[in-house]
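*Asks:* Since the structure of chain A is provided, determine the placement of chain B with the ligands on it from the hints.
Quick note, the sequences are listed as chains A and B, same order. Just so you know, we're using my numbering here: the first sequence kicks off at 1 and counts up by one. Just so you know, we're using my numbering here: the second sequence kicks off at 1001 and counts up by one.
Bear in mind the hints are in silico, worked out from the structure with no lab data behind them. Keep in mind that this is a model prediction, so the values were computed, not measured. Certain hints may be false.
[To be verified] In silico DSS-like cross-links for lysine-lysine, where the CA-CA straight-line distance does not exceed 25 Å:
| hint | chain 1 | residue 1 | chain 2 | residue 2 |
| --- | --- | --- | --- | --- |
| 1 | A | Lys272 | A | Lys257 |
| 2 | A | Lys376 | B | Lys1094 |
| 3 | A | Lys356 | B | Lys1094 |
| 4 | B | Lys1094 | A | Lys394 |
| 5 | A | Lys394 | B | Lys1090 |
| 6 | A | Lys394 | A | Lys367 |
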Amino acid sequence: MNDSPPGRDFHAEIDDAIDTLFAPHAGAGPEASATPASDKAVSPATVAPPAPEKVAPLPASLLTADGADAFSPFEEALLSLDWEISPDNIETARKALKEIQGNFEVDKAVALTEIFALMDRLLEVMAIAPQNVSTSAPKTLQEGLQTLRAAAGAEDLSLIEQTLVDPTLSELRAAIPNIPKDYSKLVSKPQGVAGTEQKTAAAPPAPAAKAAPAPAQSASMDEDLLPELPAAFGASGGRPSRVLVEAVNAHLVVLGKCIAKRIIPVENLFAKTPGYEKLHAIHTELRERLERQKQNLLKALGDDYQADAVVPAEPAKPAVTATACPWPTVALADVGGRMVAFLPEQIAYEDKPAGKVRKCGSFLPIKNLKRGFFGKIGFVVRGELSFLDEAILKTLTIPVANLSGQEAREPKADSSLLVVFKANSGMAFWLDKPTEQLDTSNDRWEPLTDPGTLVAGTLTVQGNSVPVITMRSV
Amino acid sequence: MALIDLSKKEIHCKIVYYGPGRCGKTTNLLTVHSSMADNARGKMLTIETKGDRTLFFDLLPLNLGKIRGFNIRIQLYTVPGQVMYAATRKLVLKGADGLVFVADPLQVRRERNIESLEDLRTNLLEYGLKLEELPLVIQYNKRDLVGTPIPTLTVEELDADLNSVYKAKTFEASAVTGMGVFETLREISKQTVRYVTNKHLLHETK
Ligand SMILES: Nc1nc2c(ncn2[C@@H]2O[C@H](COP(=O)(O)OP(=O)(O)OP(=O)(O)O)[C@@H](O)[C@H]2O)c(=O)[nH]1
Ligand SMILES: [Mg+2]
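This is chain A alone, in the form it adopts within the complex (with noise of 0.2 Å):
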């Protein structure tokens, strides 16, 4: 930046001008004038240390061989989460948590159960969509903190039931955001920093009736307090009763089955499939807590374990019921030549979309739906999409179905473009013609309760079976 002569003067009014502009007001804090650093010492501190904490002494279990508490790297990690919402922070610190509660005495553990999973699903969610949650969730997680503090510390927890545990935990929820909870590996791997901008914002649900994230619902987040339970298993002293006995042994059979049979194959076949990594990583995860699970009752049966547990036969399905279908009207397409429906509120676009549009492949970037340079993407979407902030929206991204299975094509000229949005999940479909409103009055409805589907049933139009695509709000 050398400075030319000829400019000199124009430079010199301009320096003028600037510090007419800006040196009144430089040295307005209490520490008058601010050199460059350079040539200045350190300023005079102006924030008070913060206060140390008063805590109740911790029980033995709680503090280490060294005299230091197992909060410690939980309370460390919120502080790192403070400063940065990061898959590293966020792991570290539910790693710390689990030590935490692996630390405390079994009824306390059970009585805190739910703290210590809102904290978790808290962390989780963080994780998930940190856009949804409240900057102030690492404060709501520090209050959790204390509270657990306060309970180890606590010789009757009813004591502070009411002082303490009930008003986190309702802070807790209220301060987790409804968001479905199958996406905890999206972020676990972080793959590049520009990644996680587009991975955390929209969290692509599985491509239609293939395999949607569904399965992992069942891996509910309490699964993993069960190792506390274990010891209340027998509590009374006495042995568990028969029935009980041999409901736990069908169930490990069933375990078994599904994971060997349903879970494994699904789990290879996204190893193998390019692009699938993320439902790859929640299967593994869903496998892996699956199996725990088996191993924590293996644990708890002991030698009333049998291996060829008889499975009682599951009750006959009921003979399809003609009932009505829930949803009195539904929107009927065609998409790759087969029809299907959709529920008309979760519609959140269907228009001829802009050429470029027509070249997005198996994700479809939701900003590219906006029209025209100064356009919003706000305009162009309805529904539950429109409620979301315009910078949400560019950071979306969702999966466009390919219900024959076959490599992605460019979908026909002519083709409309239909976007399906709920509850944080959304699909893209190209459709060979616009939708058609059905009266569902008079239709067949067969209703499908497999989780691991975007299909709710199936309806029955003149003789053709149509499938009900819902995004499933988990």
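*Replies:* Chain B with the ligands alone, transformed into the frame defined by chain A:
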């Protein structure tokens, strides 16, 4: 990008406050905003901020007034510092004419400062710009914490980490108290306006 409209005699310069998450970029702008008279500054636009975390950017337009018939405007931007907003950060950086790198003096943030400066350098390179060729001022913020039990980095350590290559002017500041905020701004404004006018309009003003 500096926008120079000779017919209207307008010069717009874009100054971007860069730095790791929570280093105090938004606080710098807020301090400037709250201290300046209405006629010299525009409305501060804080876009999509969640709580106090910048998700998109902050923008504060300032008006230097007329100089030789030129209306000179400076726009201050902040980027979102959090690692995960990399794409947004790069977008906001586009067309920057001057840069303030705000460093966080907390010991625990030491690596973050270095990473963020490197992130700035590579993002600029992707726009075909070299950090060493652009106006740059480095601000060592949060100096009010020095002397408290919170472990902070010394100016020497910050210099060694962040300024051994660029040799930029550095300022100690405390964005919350206002110390150093305008000194930083004054310096970067001078450098930036000079840079823009040198680049675009020297012969016009002869
Ligand atoms: N003690 C002290 N705190 C500061 C100072 N400057 C900012 N802070 C605090 O640091 C926190 C973050 O400040 P912001 O200005 O929001 O940080 P930012 O750089 O805009 O952060 P992002 O938007 O996430 O990139 C706030 O709580 C500020 O009050 C300072 O000079 N001293
Ligand atoms: Mg900010």
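*Asks:* Each hint: holds or not?
*Replies:* How the hints compare with the structure:
For the hint linking A/Lys272 to A/Lys257, the alpha-carbon distance of about 22 Å falls within 25 Å, and the restraint holds. Pair hint A/Lys376 plus B/Lys1094 holds up; C-alpha atoms about 21 Å apart against a cutoff of 25 Å. Distance restraint check for A/Lys356 and B/Lys1094: the Cα-Cα separation of roughly 24 Å lies within the 25 Å cut-off, and the hinted pair is therefore satisfied. Distance check on the hinted pair: B/Lys1094 and A/Lys394 sit about 18 Å apart at the alpha-carbon level, within 25 Å; holds.
Among the hinted pairs, A/Lys394 with B/Lys1090 is consistent with the structure: their alpha-carbon atoms are about 15 Å apart, no more than 25 Å. Our distance criterion of 25 Å between C-alpha atoms is met by A/Lys394 and A/Lys367, whose separation comes to about 5 Å.
In terms of the numbered hints stated before, the structure departs from none.
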